[in-house]
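Protein chains: 2
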Amino acid sequence: MARQVYDVVVLGAGPTGENVADRAVRGGLSAAIVEPELVGGECSYWACMPSKALLRPVAAASEAGHLLGVAGTRLDAADVLKRRDSFASHWEDDGQVQWLEHAKIALYRGHGRLAGERRVTVSPAGVPSAGTADENDADGNDADGNDDAGTELIARHAVVIATGSSAVIPPPLKDVNPWTSRDATSAHAAPGRLAIVGGGVAGCEMAAAWQALGAQVTLIARGGLLERLPEFAGDLVAAGLRDAGADVRCGTSVTEAGRNCTGPVTLTLDDGTRVEADEVLAATGRAPRTAGIGLETAGLEPGSWLSVDDTLRVIGGNDNRSSRTDGGDSPVPWLYACGDVNHLALLTHMGKYQARICGDAIVARASGREPAVTDRSSKACVPQVIFTVPEVAAAGLTEGRAREAGIRTRVVTLDLGNVAGAALFADGYTGTAQMVVDEDRKVIVGMTLAGPGVGELIHAATVAIAGQVPLEALWHAVPSYPTISELWLRLLEAYGL
Amino acid sequence: MARQVYDVVVLGAGPTGENVADRAVRGGLSAAIVEPELVGGECSYWACMPSKALLRPVAAASEAGHLLGVAGTRLDAADVLKRRDSFASHWEDDGQVQWLEHAKIALYRGHGRLAGERRVTVSPAGVPSAGTADENDADGNDADGNDDAGTELIARHAVVIATGSSAVIPPPLKDVNPWTSRDATSAHAAPGRLAIVGGGVAGCEMAAAWQALGAQVTLIARGGLLERLPEFAGDLVAAGLRDAGADVRCGTSVTEAGRNCTGPVTLTLDDGTRVEADEVLAATGRAPRTAGIGLETAGLEPGSWLSVDDTLRVIGGNDNRSSRTDGGDSPVPWLYACGDVNHLALLTHMGKYQARICGDAIVARASGREPAVTDRSSKACVPQVIFTVPEVAAAGLTEGRAREAGIRTRVVTLDLGNVAGAALFADGYTGTAQMVVDEDRKVIVGMTLAGPGVGELIHAATVAIAGQVPLEALWHAVPSYPTISELWLRLLEAYGL
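Here the protein sequences come in this chain order: F and C. Residues in the first sequence are numbered consecutively from 5, following my numbering. Residues in the second sequence are numbered consecutively from 5, following my numbering.
Just so you know, these hints were derived from the structure itself, not from any lab. Built from N, CA and C at the ideal position, the CB exists for glycine as well. One thing to keep in mind: the hints can contain errors.
What the hints assert, rightly or not - Only pairs whose alpha carbons sit at most 30 Å apart, straight line, appear in this in silico DSSO-like list of lysine-lysine:
1. C:K383 with F:K446
2. C:K446 with F:K383
3. C:K446 with F:K446
Said to hold, decoys possible - Pulled from the structure, derived: some chain F residues nowhere near chain C, Cβ distances all over 12 Å:
4. V9
5. H94
6. V101
7. A119
8. V172
9. R253
10. E260
11. D274
12. D275
13. T277
14. E280
15. G289
16. E300
17. S308
18. A368
19. R373
Start from the sequences, fold in the hints, and give me the full structure.
What follows is the structure, encoded as structure tokens:
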């Protein structure tokens, strides 16, 4: 078995893994990345990019359609799919591989697996496509050699798990060959009838996309839609889907599903009704891709989410058997986990954020320093944009989460239709903004926005939350008239400033 | 002459005057507002509202037209104008008058004029339509009485000048009956050919609107477009106008203009060329509406811009003859000036911001306190959105202004086309972001954005600037992927974080 030595070995070449490796290399370390599928990961081919490529034309057409004076707008589904194909790079990763080369990150195509401390095996035989393996430390095999027994990668400083997550198939759908998010973002034509099981972000976004692109969508949600957010968000999205012609059924579950070969699927719901569809999308959650990657060799549970400290080091594992008696878990000094696998925030931008902190932390520790920058946002300041029609965007804590965190809150809610900039943006604008204030510190700890065009508005809230900008200073951050951003003025006025 | 006594008397019922009076009333004072034209002011009928009502459909149609998959979009100019009429309330102020009544602000329709300390005359006879005049203090005349000699308003605490500004007609256009911004925002049909003189905000916005609505626009600018901003902004707007079919002529001036009655206008430019047009819009600047309002009775120069302190009190005037020997000017203790007239920032939202501070300051001083909140933003943190196609937005200081202010700056510039969210927003997205950093304080002091859909993005910068959020904290304000807001990540990475 060929052996190569790098400072850092990363499992998973999604945006998270790429960013960890990049920060490590920029910090002067050598890095290898191991990927069994396409370089670029879920986000590039089967999640953010293709889904937003589908949804942006839908949103733009909807916005144009809600303005007196703009006429004739229609979607051309074939062209929308063509656009999506282009944003998904036609499911080819040449561009990403080039980026790795440019970034001097060695790529090993194959299945990576921990094989003990600071040790990863790649099978089938991984061949580095670029990079800076230190041949001095290699055990004599040529890095370019092909070895049927695979390659062993030795990590001088750190191994990083960034293998992401995959869709969970709920039991009733296991035998009906359901779509997952991968199929929903990469399908080459709209199914005639699409049933979607799950009222979270993926379910709502795909319902908006495919209903607009010609499918008759039935969305089945156990509770309401977007339940992690204030109720008005899910209600507005449900109203938008219904306006578009979708059948939205909340508070109901699938109890049985049947399908003959590739024929239609029949779903039986717990209220006794049946839904027949040409395809059914399972959008009921995610599971960590941590099975079969050798976690047990580090004393960790295969297939489990990985706990991390604020430098993204994995907590628990073998090193937990050490001398600590305070009841807490110790971090494994050489093992990190970034992105979906740590379950902190299953969002590409949060994975990339963690990746930057993780990469920098590895660089710092490699030179004997403790990291100066730690993860401050993955728990308290996570932003998210949901590209439904209309959009939903949130940052920080909801009222409920803030109270759970022991914060004395005050909540201010605003009808966005009363903001001049919103009325100008779309005729009959309907939307809501909700601000959660920490009454002791007099700062904003959460914001939720729902309505057309709110996606780009959330970053102002993210800055206010992350920057802990006092309310009295926000009073001097004047929103331009007439923009939708004037919601800030209205919220602060309603608060009492 | 009837006489009424109020705590505060405001000249001008635009958004600025309305907000001063409202804050005063909310603070427990009585207030009257004097307005010779429509209540709601320039912004409501001849500026922000009608211009943005015209421009929003133009922008939405342009955005839809730049997406593969959205087809058939066209503007219906008649409907756009109908929409504009609605947003301009058909040039009727009933709704605004109702708002004043609801806010318990007395309205005097007529021409207000200072007549000495804390004294305003209204002519022709002003009749209060609502409000809380203290009849106890009135000199016996009924507030509802009509008195041909007009009304005298006594201000117990303060008089506020909020009369705004009007268009300047440059000398060569004085005899050709040019359009001003009022005509350009209220015209009931597109002229066949429209010449626009002036490359500032009004000129560029009206060029974008009328070119899209059917006019053949020629825009004539002495220098470049939007010269107060970094060059890339004006260049992008010029490119957008040219793409739309407008004739943009930079670096040239009108030397002569001629017109027979209502026939076409012929402009002669300083390069000897001629431009013929059906209408010509003078968009070359603004003058304060401070002539004929009795400023001389307070020792101030009629027709001049008014200097103010950070509570919006007018500096200079009679009270300046007092005992001060430090060479500085003293504020007139009872006279305030908000909005365009003080020349700090000729923008509705800044007028409203000043109005809130001014109203609160009057309330504080009425009870013997000094104001807790003063104007921190009118000089260093002014945001502005220019609703051209594509848009431009800016907040804080440009590099040049920051250097003039003695700030050690570093500038980071970003090609927005490289941001994933921008590429998704529009096919072939072209735009630029520029951040100005104060290198000593390690905070952002300015941001300029140019590109489709950037208008709502500027508020994040306004929050960062007003909140003086350290760069190292902005690093934890994670922009959502894939939004255009990810420009923040790219700028901070380029800065070196």
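Hint check:
1. At most 30 Å may separate the alpha-carbon atoms for a hinted pair to count; K383 (chain C) and K446 (chain F) meet this at roughly 26 Å.
2. Straight-line distance between C-alpha atoms of K446 (chain C) and K383 (chain F) comes to about 26 Å, which keeps the hinted pair within the 30 Å bound.
3. With a C-alpha separation of about 24 Å, the suggested pairing of K446 (chain C) with K446 (chain F) holds against the 30 Å cut-off.
4. In this structure V9 (chain F) is separated from chain C by more than 12 Å, as the shortest Cβ-Cβ distance comes to about 29 Å.
5. The claim that H94 (chain F) is not at the interface with chain C holds, since no C-beta of that chain comes within 12 Å of its own (minimum 15 Å).
6. Every C-beta of chain C lies more than 12 Å from that of V101 (chain F), the closest at about 18 Å, which supports listing it as non-interface.
7. The Cβ of A119 (chain F) sits about 33 Å from the closest Cβ of chain C, beyond the 12 Å cut-off, so the non-interface label holds.
8. Every C-beta of chain C lies more than 12 Å from that of V172 (chain F), the closest at about 22 Å, which supports listing it as non-interface.
9. No beta-carbon of chain C comes within 12 Å of the beta-carbon of R253 (chain F); the shortest separation is about 29 Å.
10. Distance check on E260 (chain F): its Cβ is at least 37 Å (rounded) from any Cβ of chain C, clearing the 12 Å threshold; non-interface status holds.
11. The claim that D274 (chain F) is not at the interface with chain C holds, since no C-beta of that chain comes within 12 Å of its own (minimum 35 Å).
12. No beta-carbon of chain C is positioned within 12 Å of the beta-carbon of D275 (chain F); the least distance is around 36 Å.
13. Residue-level check passed: T277 (chain F) sits 34 Å from the nearest beta carbon of chain C, beyond 12 Å.
14. E280 (chain F), annotated as away from the interface, keeps every beta carbon of chain C farther than 12 Å; the closest lies near 29 Å.
15. The claim that G289 (chain F) is not at the interface with chain C holds, since no C-beta of that chain comes within 12 Å of its own (minimum 20 Å).
16. Distance check for E300 (chain F) against chain C: the nearest CB is about 33 Å away, which clears 12 Å, and the non-interface claim stands.
17. Look at S308 (chain F): its CB is around 25 Å from the nearest CB on chain C, clear of 12 Å, so calling it non-interface holds up.
18. Every beta carbon of chain C lies more than 12 Å from that of A368 (chain F), the smallest distance being close to 15 Å; the non-interface claim holds.
19. The Cβ of R373 (chain F) lies farther than 12 Å from every Cβ of chain C, with a closest approach of about 17 Å, so its non-interface assignment holds.
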